[in-house]
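**Q** Here the protein sequences come in this chain order: Z and U. Take the first sequence: its letters are residues 1 to 406, numbered as in the working numbering. Take the second sequence: its letters are residues 407 to 678, numbered as in the working numbering.
Any given hint could be a false lead.
Cut-off 25 Å, straight-line C-alpha distance, at most; resulting in silico cross-link-like pairs (BS3-like, lysine-lysine) [what the hints assert, rightly or not]: (1) U:671 to U:419; (2) U:479 to Z:278; (3) U:479 to Z:176.
The set of hints was computed from the structure by calculation and includes no laboratory data.
Residues per chain, in single letters:
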Amino acid sequence: MGKSKNLFSQPKVPDRLGHFGPYGGRYVAETLMPALTELEKAYSEARRDPAFRKEFHEYLRQYVGRETPLYFAERLSQKLGGAKVYLKREDLCHTGAHKINNTIGQILLARRMAKNRIIAETGAGQHGVATATVAARFGMECEIFMGKEDVARQSLNVFRMKLLGGRVRVVESGSKTLKDAMNEALRDWVTHVRNTYYLIGSVAGPHPYPMMVRDFQSVIGREARRQIIKQEGKLPDYLVACVGGGSNSMGLFYPFVKDEKVRMVGVEAAGRGLRTGKHAASVLGGEVGVLHGSKSYILQDRGGQIRQTHSIAAGLDYPGVGPELSYLKDRGRVDFSSATDREAMKAIQFLAEVEGIIPALESAHAIAAVMELAPRLAKHQTIVMNLSGRGDKDMATVGDYLGVKV
Amino acid sequence: MSRLQEKFAELKKRGEAALIPFVTAGDPDLKTTLKIMRALEAGGADCIELGIPFSDPTADGPTIQRASERALKNRITLAQILRMLRQFRSGSETPVILFGYFNPFLQHGLENFCRQAARVGADGVLCVDLPPEESAELKHWTDFEGMDLIFLLSPTSGADRVKLVARTGRGFIYYVSVTGVTGARRSLEDQLRQRVAAVQHLTSLPVGVGFGISTPQQAAWIAEFADAAVIGSALVETIERANGSSAKAQAANDFVSKIKRAMKKSSSNARI
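One chain only, chain Z, in its complex shape:
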């Protein structure tokens, strides 16, 4: 500290109360304030504890299967005819997506805090599965809140959660998707706060969640940074990741934030098109507001009521975005683009055909952006894209879309 080594270093975010510039913070009912303070204290002790870090990394290695490969997608790159595209293979994690990096971290924290009941919200079901998985592994009671609409379109994941011993609570209020699942989880937490640990799956929610989830997920970016330097001898020109709440994008971006030459692109869900209003692009189509405990870009009407969203990818179908992404957007550090349902569908088919990899519908939005970006770049340039999850869970949705009964 004292004399700053780097005059251009960014202010430390978040601040003590969880603010990323004007974003973030803690906008919650009083009942939860002491619980958040307790959580923040437990987390800041844990992150400094070498034994905790060691255990976290040990589970990531042995149980999750890290590190995940940084795969050079040679045929994809050739077909696109521009930059070299590398895929960070989070789809190869145990349970099939990056979500488990964070659930491992938080379940270790819950155990440390002697909380035996775990609750979580889920959209696509990947976070629900990842939570039920670690709850099973650590012998804890687990309830997952999931919107009725998502239960219908992600029935495979619902079954997985049940098989893992989780209880799935079907949420029938509001739009019956991820935002309503989060409402209901918050209501449960406020009621059972003394013995319950709320395991949030995205870089959203009140402080310390956005910071904590980012930290646990940033293993993705740390590995990718090391791997690309090893494979290419230099940093990438672009990072690309899909953005719903933003956990996989923050996980990839965060270790590169200070590398000003590395451009970062967050890809939002444009649903049926940004102009139709039927989308989930909170940054591109939203305004600053407060939802689920933090201030950020959200999709809302002029009266401040939260708007209904639409995306074919349940994991992106959310009207908010993590506060740190809003902060990085305003600072010009992260650029945002979007992909429609249709573009994501094309991207799934394309990646399946040229690389033999079926991505999740969420990750397919990032592929769609890469398909636009790569041809515009030179052959010596590189893109690292976060392939955040695998597509098995989406086969019924994709089949429906293509008119094939699965």
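Chain Z is already provided as a structure; the job is to place chain U on it using the hints.
**A** Relative to chain Z, chain U alone:
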């Protein structure tokens, strides 16, 4: 002194606790809400909490969620609610608190909102999802307009938070009787009396109790030791069950007058 502070002072002299009913604005329309507010006043309400509907009411149970949904179905706006309040205020001196979630206030613009709310006769503002830590800007404008910004405390709040709320809040402190969301409950926690006493020990502000209170007996018990009882879901349910705006207003009037009677008896007994 604000209308709200005057009301508490006046009740204290009489040895009475305040009855503060909650009603969701625009459930099912604003005309009905206006009628209900007048009926509540006639029935003995000392102050009215006017709920501002929000699409994602995370601190509310099913009853108030339904009321908000009914109101939002008619695309009700904060501006319309404030116009209705002006009508109410033209014939009444009963203090009114705007009770809601932060985002609709924020979108209205906090300065604008406070100026307009004060102008139509709102006396206080309470945001369920705005703890003192995030309240600086809103507090600036409520202070500027002479309105009371009210904060909540709950059974999980330690002494440090009680002091923080006592320091930041004005008007009164809203003590949440249970850990949980709004909604009628069959029984209240036994330690409530001691918990409220512990808060009263650390503040000179009046302390009102809310969440879970539904019967005259419960309200009477609260009146023995607290400065106010807030009744929300049980009243909203009563209004929900009655058909038509006149019947709803009548039901609201009957409901609060019964509760007020029970509270008067109890507080005069307890405080003599």
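**Q** Next, verify each hint and record whether it holds.
**A** Structure-based check of all given hints:
1. U:671 to U:419: Since the Cα atoms of residue 671 of chain U and residue 419 of chain U sit roughly 15 Å apart, the hinted pair holds (cutoff 25 Å).
2. U:479 to Z:278: Holds, at roughly 19 Å.
3. U:479 to Z:176: holds, 16 Å
The structure shown violates none of the earlier numbered hints.
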